[in-house]
Amino acid sequence: MSRSEGIEIARRALDEMKKAGADKAAASFVRGEQNELNADAGEFSLFRSTVNISLGMTAYCETRKGSISINSYDEASIRKAAQDAVEMARASEPDPANEISPASKLEEFSFGPAQAESDLMYDRLNDLIAYTKKEYPSINLEQCILDFVRKEAFWANSNGAEFAESSGIYGFFAMFSAKEGQDASSFNYSGANHRNLDKALKDWGNIDELLRQSTEQLRLKPVDGSFIGDILITPDCLGDFLGMLNGTYTGTYPLISGTSPWKDKLESQVVSPLVTIRSLPLGPEVDAGYSFTADGFRAENATLIDNGVLKFFTLGLYGSRKTGKPRCPSGGGAICMDAGNETLDEILGSTKKGILLGRFSGGNPSSNGDFSGVAKNSYLIEDGKIARPVSETMIAGNLASFFESIRAVSKERVDYGSGILPWVLGSGVHISGK
Amino acid sequence: MKYMDIGRHRALFKGYTELRIQENSSRTVSLLNGDVVGNTSSSQAGLSARSYARGAWGMASTPELNDAGIAHCINRAWENAEILGRKAGKKSYDFDARPGRTVTDTDGLNPMPDQKALISFARELDAYCKTRFPRLSSRSLSISCLDMEKNLLTSDGAEAWSLTPRSMIYAEFTTEYNGEPVELYTVAGGGSRFGNVFKRPEDLFPELDRLWERLEKKALGQYAKPGIHDVVLGTELAGILAHEAIGHTVEADLVLGGSVAADYLHREVASPLVSLTDFANTALGEPCPVPIWTDDEGTLAEDAVIIDRGILRSYMHSKESAARMGHRPTGNARAFSFTDEPLIRMRNTAILPGKDKLEEMIASIDNGYFLLQPSNGQADTTSEFMFGIVEGYEIRNGKIGQAVKDCTISGVAFEMLKTVSMVSDEMSWTCAGMCGKKQSIPVGMGGPAVRCRINIGGRS
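Protein sequence lines correspond, in order, to chains A and B.
According to the numbering used here, the residues represented by the first sequence are 74 to 507, in order.
According to the numbering used here, the residues represented by the second sequence are 352 to 811, in order.
Honestly, I wouldn't trust all of these hints.
For lysine-lysine, the following BS3-like pairs were computed, each having C-alpha atoms within a straight-line distance of at most 30 Å [said to hold, decoys possible]:
1) A:294 / A:458
2) B:788 / A:275
3) B:769 / B:750
4) A:275 / B:438
5) A:384 / A:425
6) A:224 / B:789
7) A:275 / B:789
So the derived label-pair ranges between C-beta atoms look like this [said to hold, decoys possible]:
8) A:253 / B:718: 48 to 56 Å
9) A:272 / B:676: 32 to 40 Å
10) A:373 / B:785: 32 to 40 Å
11) A:74 / B:471: 35 to 43 Å
12) A:196 / B:706: 58 to 66 Å
13) B:676 / A:253: 16 to 24 Å
14) B:553 / A:379: 46 to 54 Å
15) A:94 / B:471: 18 to 26 Å
Everything labelled a hint here was simulated from the structure, so no lab data went into it.
Built from N, CA and C at the ideal position, the CB exists for glycine as well.
This is chain B alone, in the form it adopts within the complex:
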């Protein structure tokens, strides 16, 4: 839904104003033990205006996509800002304008898939699972496609159009062992339309085979021993570590709201082996899973180098937080739906690869764990983090041993990162999850494998 000639509405702006016309479209199909339990399509289109006056923000939104709706929202946003600004008596900041005028390149992008094609694809995968893995007590397959399309105009010169698609397939298997269910999942996909990411169902069969093998091992697993251990975190875990443990703590709104990262700028927070960047759209020469070229405040997006060889170098900023702290805005302000205001969000947050080989990292541990797959995670203003672990293995005498049951790991990021002693030379990205912070939003997370010491919660 490219909105033509959005620029003509700039004449209605009374002061600093952003106008965003946005449509989110989604398609989902869910199968549970062969039944189609979810077959849904959704479209939410509308517009919002946000203004800044007297140090306060005002915002208004409507689904009425016409000139009257646009004029109403622009006026209402300004009024709201004025009302709040007058009452609250706040200091007003001058924003550093770095206007983006980017247009997403959609060459080669497939159309949004139709529901019939998605159901057919899911059923082929399901049929394979049913035949091939008869010992499953339950199988769940979901396909999820999301498009976020935004037209943006700002009073300080930004005018941008973006289309950010994402297509994912989730498979969860459950088996029984000693009368109790044991489950494990896998996820595949990336930041493009379904037809660009997935070609044929059979391309995913090897991944489903691996999922079953991993589940069989997990069924025989033991509880991890609680306490601090030497561990190798797999690439997917390093990605969630980058996001939860470090990323949230250095979002400037959380820094202003009490994060300990406020005390650590330009200080050592990690081993010199650790560098972490929140990439805007391109990382190490490749497109990121959630590419942002111009953010939802109209700032031309640039990479935010958060940790450089162990030293905390910057935060992630919106226009206002950058102005308050005397920093450069990084293009981290994003909104999920047209009714949402832009918040400081991560984009593609990754620990950078190092020089070590995964095999050598595992071989270096006498008694520890190789932890691979997270469930969910949470951050804290103290930089303490938590992740659920649903796949992991003991390491004994440098070799991978028995699987472990579900457990949790935690630590204080700015202490744990100093224990990082090896970083693998390969990394992987994922964009399967949604980051929650008043509004959910897709994010990319990446990382290499990392050797460190971490606290594991389990049963003694």
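Next comes chain A alone, as it looks inside the complex:
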């Protein structure tokens, strides 16, 4: 599909919504083509080729809003969807926060290859399977998925904001566990996204190290008793914790609902001064970013937390208008945390008693930031050394308190393609065995 065809479809959708009675409108048109290889239980299983289309149309009647999504773009379908979107908007309630982004001349972006290298995809995945069998014979590669998605995305609104982006990205995900006789490790998983297949899959994210760790995690026991200790969070797990932090403190829902404990803390110290978190959709460090936000602004890189000071919530246009707080110019994705000054070995050496947290399996945090869950694929740290892997060990704490307590951030970081994260050490977490 050509750029002009795609943007014309988005413009046609706008015209139809205006004809149907919308005061304002926004439309997005995405065509995605995916080629995917699956390997299950260590053997190739599926080669899948999908094509899909998504046409999203949002109509505004004064400040009432209705949105519809279809996956066809012939004239009759667009006309009907436009009429439905306007009808939905009319059925809704006014909300002065509903608005569309200002005019912005058509900008076109492009990154990544136009086509998948299918043979190389097969070879890379085959190499990983062979490597794992040889180096880590106790590992079951439960599921591996390697895909290439070519996407043409077009966005337009009735103010005249227009964007077009073409992208080609490879994605890899692996889930695995170790088994010897009747001893088994927890499953673990990781993944990454990149624009090419230059690197072997074992070097994507931290996969090779996680495979190695799984082989150590066959014979486990819980920690003894319960204590308050340190948590050294690994980069894979840190991604989950940052997601929980956003969901509780800085995201749209907790701010609009008023439940965010940080709602009045913009420009205040909210976490340790060692923590700087950036949202870098434009990279250059990030391979799999994006060029424009879902609500129609050109994406910009932004520092969300700067040496512990809260600079931006991750609010879009609606959330910003609703709360009176600034819109996040980056859209809130492509999260990176700055590296620290100590090596991982130094940080480990300074830890008296705690857990090296490989994966966190827990309930959704409470609105006040309390979290609790199971420490999976994790190790007991004692007197600066990894003592042993643990099972059935639970941790409980508060997210803000934990991030305030962070006293070390590693120099080393792991690149996932859509984010780059270090190891972090914090304290004050309840750790309990059986």
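Since chain A is already given, all that's left is putting chain B on it; use the hints.
For chain B alone, coordinates are given in the frame of chain A:
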């Protein structure tokens, strides 16, 4: 979108092939503190073909619902299977064909609701909450309706049409206590169209009253004491236990991928009081919340008796996993959207009711907990499970006491289930959640109340 005369496309099949023409339609309305923050409708229609050749699967999909699109996908799926099969050199299995030719009975099914009706319904509920519960610091109401409609044709004789609707209403209340937010939710709904499940907003007012009462108690709650405790798990928790702790572990793809359940077939994994079945469409004489008559590989769906009086009896299978293990396919292969391949999924997984009374179960505990409502959960290949708990109470001297704050429970299922000492004679079902496993999909979960010993994570 019933696709007429799908059978004529069988002539295009080159070998084992499934052709699925599918449409997912959804309507959602979300209110937050009275504002309509979500008012969306979605329709995703398309087709996919999946073929099996030389021991490998190939699949192709397109939104182009016409003869050219169908022919293209059937050819491409076969090519993909051949390409992968030739490269990978895999063993090929003969599938046990049990073709389904079922058509969902839609007598009495209401039409899909229009958005105006949903907004009006939600606003009435919201108005009730705003007036009746002035101490709420935040209230959220969502209505979610989903239809999955599938036309299926397979080379081994299946031809089926299914419509699986689901309609849910979620309400979440937040209040403040000592300057901190405390929240709790309730969910209502079932496996049918909105007008069949919900008649009038006022029918839900008592449930909203109960939610407020429960939230007030939770606001005064204390942290649960970490460690192993005697607990009674409420019916909703038993359902998620059946799903997370046991169900995932016995999905045959996970068994082949390393689940410890591979070592336990025909062995004792639970107390003799525990029986667990993944029901296809009818349980104990009643329709299940997510009824499956023919699965997405065309297998006529039958119940999978997983645990029978404490003994692990079977797994849940697709055609290929059943062939690999020499078992019978159970009709557990399902796909969420037309672009997705069928995976082994649970359908309606439940622990069967027993003979005990809930009151007696609580009275039997001197010092423990009565845990009622889960948030989310996760399974593991080791059969270790985890659930978040958002509503629970202490039990002291056989009586329900103070509420507890949010906590997490975990255990190793095949050890924890052996501690089950009482099972209530009543059970309930829910289909509110989505099971995630490469693709999300609606599932039904059910269970009675269960007395057992479990590990609670909290603050000492």
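Hint-by-hint comparison with the structure:
no., hint, result
1, A:294 / A:458, "holds (17 Å)"
2, B:788 / A:275, "holds (22 Å)"
3, B:769 / B:750, "holds (25 Å)"
4, A:275 / B:438, "holds (21 Å)"
5, A:384 / A:425, "violated (33 Å)"
6, A:224 / B:789, "holds (20 Å)"
7, A:275 / B:789, "holds (21 Å)"
8, A:253 / B:718: 48 to 56 Å, "violated (39 Å)"
9, A:272 / B:676: 32 to 40 Å, "holds (36 Å)"
10, A:373 / B:785: 32 to 40 Å, "holds (34 Å)"
11, A:74 / B:471: 35 to 43 Å, "holds (40 Å)"
12, A:196 / B:706: 58 to 66 Å, "holds (60 Å)"
13, B:676 / A:253: 16 to 24 Å, "holds (21 Å)"
14, B:553 / A:379: 46 to 54 Å, "holds (51 Å)"
15, A:94 / B:471: 18 to 26 Å, "holds (20 Å)"
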